[in-house]
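Peer 1: Given next are the chains, with one letter for each unit.
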Amino acid sequence: MLLEFEKPIVELESRIAEMKATAAERGLDLADSIKAIEDNLVKLKKDTYSRLTRWQRVQLSRHPDRPYTLDYIQTISSKFIELYGDRNVKDDKAMVGGIGEINGEPVMFIGHQKGRNTKQRQYRNFGMANPEGYRKALRLMKMAEKFNLPIVTLIDTPGAFPGMEAEERGQGEAIARNIRDMFMLKVPVICIVIGEGASGGALGIAIGDKVMMLEYTWYSVISPESCSSILWRSWDFKQQAAEALKLTAKDMEKFGLIDEIIKEPLGGAHIDPLSMAKKLKKVIHDTIIELKAQSADERIEKRIEKFSAMGVVNE
Amino acid sequence: MAWFNRAEKKGVTTPTELKREAPDGLWYKCAECKTVILTKAHQDNAYTCPTCNYHEKIGSKEYFELLFDNNEFTELDATLTSADPLEFTDTKPYPDRVKASIKKTGLNDAVRSGYGKVNGAYLVVACMDFSFIGGSMGSVVGEKIARAIDFARLHQIPFMMISKSGGARMMEAGYSLMQMAKTSAKLALLAEAKVPYISLLTDPTTGGVTASYAMLGDFNIAEPKSLIGFAGPRVIRETIGKDLPDGFQSAEFVLEHGFLDFIVDRKELKDKVADLLSMITKHLTVQGI
Ligand SMILES: [Zn+2]
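Top to bottom, those sequences are chains A and B. Just so we're aligned, residue 1 is where the first sequence starts under the working numbering, counting upward by one. Just so we're aligned, residue 1 is where the second sequence starts under the working numbering, counting upward by one.
Treat each hint with caution, since some may be false.
Said to hold, decoys possible - Example chain B residues on the side facing chain A (calculated, C-beta under 8 Å, incomplete):
(1) L80
(2) T81
(3) A83
(4) M170
(5) L255
Said to hold, decoys possible - Derived list of chain A stretches under chain B, where covered just means 3 residues or more per stretch with a C-beta under 8 Å from a C-beta of chain B:
(6) 32-39
(7) 69-75
Just so you know, these hints were derived from the structure itself, not from any lab. The beta carbon of each residue, even a glycine, is placed where N, CA and C say it ideally should be.
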């Protein structure tokens with residue numbers, strides 16, 4: 001699937017491929033013409049991706065080819081063993097977790113999981129976790145604390161699931177408890193938004209010593225669509241809502257609401273998932289080393305201080 | 001049924017000629033059962049209906065008056081007002097909405113906090129005002145609650161939060177979201193210090209407030225029939241594509257599902273809170289007041 005602004009790029013790419021094929025077939029020397037178009041392509045890409053609107057970034061964050069949580073975990077860690085269940089109600093397929101190694105160091109991975117085709121999307125409930133998902137996540141975090149494993153959470157959700165059973169089982173309570181208890185975890189916690197970071201559903205696994213966002217992701221209190229429907233009383237103002245919410249990685253870093261942006265390959269993580277995963281692996285590895293240099297008390301104190309400083313008021 | 005209702009309400013209804021003569025604001029009409037009583041009598045009944053026990057939606061002014069002995073309390077951080085860090089504009093600029101709300105309500109934002117004595121023992125109370133932009137949580141709400149919790153911890157005084165909110169303040173976007181984190185961090189410290197926290201959920205308590213401080217009490221308590229939930233009923237209806245059963249997300253429903261310690265009639269709120277705290281604060285000595 002292609003987004004509108006990806007189309008001209010892909011058109012140029014296929015033209016280059018055609019010319020190369022023609023050149024080879026007929027033994028022609030088209031090197032100069034091909035070079036010229038390739039230069040154009042580089043320029044077009046840089047141009048397109050440096051001038052993305054906020055809404056276009058939201059679209060990229062939801063790109064159907066984008067790598068999801070398990071794609072990353074399986075690429076960057078070895079010996080990964082997935083762990084299921086909240087020990088209470090059931091196993092939530094929208095929230096996954098388990099233990100794996102990064103460069104020989106064991107890590108507890110936790111993250112929202114989306115599905116790629118219709119069947120998988122339903123199976124994963126579109127990445128919208130129920131209370132048992134948040135309780136499963138917390139169970140794994142406490143386990144990580146017990147065995148002294150650093151925690152890495154990957155955030156990619158359009159929101160916590162707004163269903164009847166979710167309410168019956170205390171969606172609000174589950175998220176609230178996670179947020180509070182994550183502040184007191186004695187092990188390093190790294191949180192990375194890899195796609196969509198919508199509201200409490202995202203925050204429920206996003207309290208960390210380092211909170212980072214991939215370049216083409218968004219993180220805010222509400223999706224542009226829902227914001228449009230509430231404030232403009234229509235679904236048609238999602239572009240304006242995205243601009244108003246200032247929900248991109250760049251915005252969030254500027255506001256001091258996240259710690260770092262992780263650059264993506266030109267065009268987005270889905271263009272080159274392997275190099276994205278490698279980069280992620282390096283960032284996680286380096287950050288764990290950095291965080292391990294501090295004591296647990298230091299980390300907890302800084303974690304609390306960081307979030308306590310968030311907000312702007314007139315005194 | 002009309003004659004029966006009228007008979008049942010005897011003693012609280014008022015002759016028509018009296019109503020006509022009375023100045024505006026002297027009479028209160030119950031939104032549920034339409035019983036009309038003197039405003040003063042309604043107020044003396046903790047703003048609940050003597051006929052059907054409907055708990056009228058009230059704000060911080062009324063809760064403080066109901067809780068604090070002789071309505072004596074010291075307000076904290078009263079002057080904090082909202083900034084506009086995102087320069088947010090939807091159909092109108094955010095600062096205009098704030099200004100209009102301040103003018104309309106006489107409040108500075110959607111929460112007020114203070115400390116005073118409740119049946120002789122100190123209590124820190126933060127109370128939300130729904131009348132201010134739907135009781136939405138922005139930086140001011142988060143910051144005032146955070147400071148009130150810090151105040152409670154430093155002075156070893158129990159903390160009570162009265163929630164009434166539609167959720168996040170969209171016009172503060174990311175900042176609004178992080179208020180859930182900030183307030184929960186402060187509650188983690190309060191819990192560690194073993195200072196009790198009572199969370200009273202009132203009608204309505206939804207969204208980010210439910211998914212943070214409102215559900216984190218040592219005691220989560222609620223007023224009867226309050227709407228309490230994470231997702232609002234409209235969103236759930238749209239998601240599942242059918243109507244919700246009666247009483248879904250009511251305080252009684254939330255109690256049955258195990259997320260509330262008890263439901264409290266507002267007329268008994270003060271005594272019940274004071275009694276409960278008196279039994280669990282023997283290890284605390286108020287500091288520096
Ligand atoms: Zn009534």
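Peer 1: The structure should be examined with respect to each hint, and the outcome stated for every one.
Peer 2: Going through the hints against the structure:
Against a cut-off of 8 Å between C-beta atoms, the interface hint on L80/B holds, since the closest Cβ of chain A lies about 5 Å away. Interface hint at T81/B: satisfied, since its Cβ lies 5 Å from the closest Cβ of chain A, which is below the 8 Å cut-off. The beta carbon of A83/B is positioned within 8 Å of a beta carbon in chain A (closest approach about 4 Å), and the interface hint is therefore held. Interface restraint check for M170/B: the shortest CB-CB distance to chain A comes to about 6 Å, inside 8 Å, so the restraint holds.
The beta carbon of L255/B comes no nearer than 12 Å to any beta carbon in chain A, farther than 8 Å, and the hint placing it at the interface is violated. Only when three residues or more bring their CB closer than 8 Å to a CB of chain B does the claim for the stretch 32-39 of chain A stand; here the count is 0, and the claim is violated. Look at the stretch 69-75 of chain A against chain B: 0 of its residues bring a Cβ nearer than 8 Å to a Cβ of that chain, fewer than three, so the hint is violated.
The structure fails hints 5, 6, 7 (numbered hints given earlier, in ascending order).
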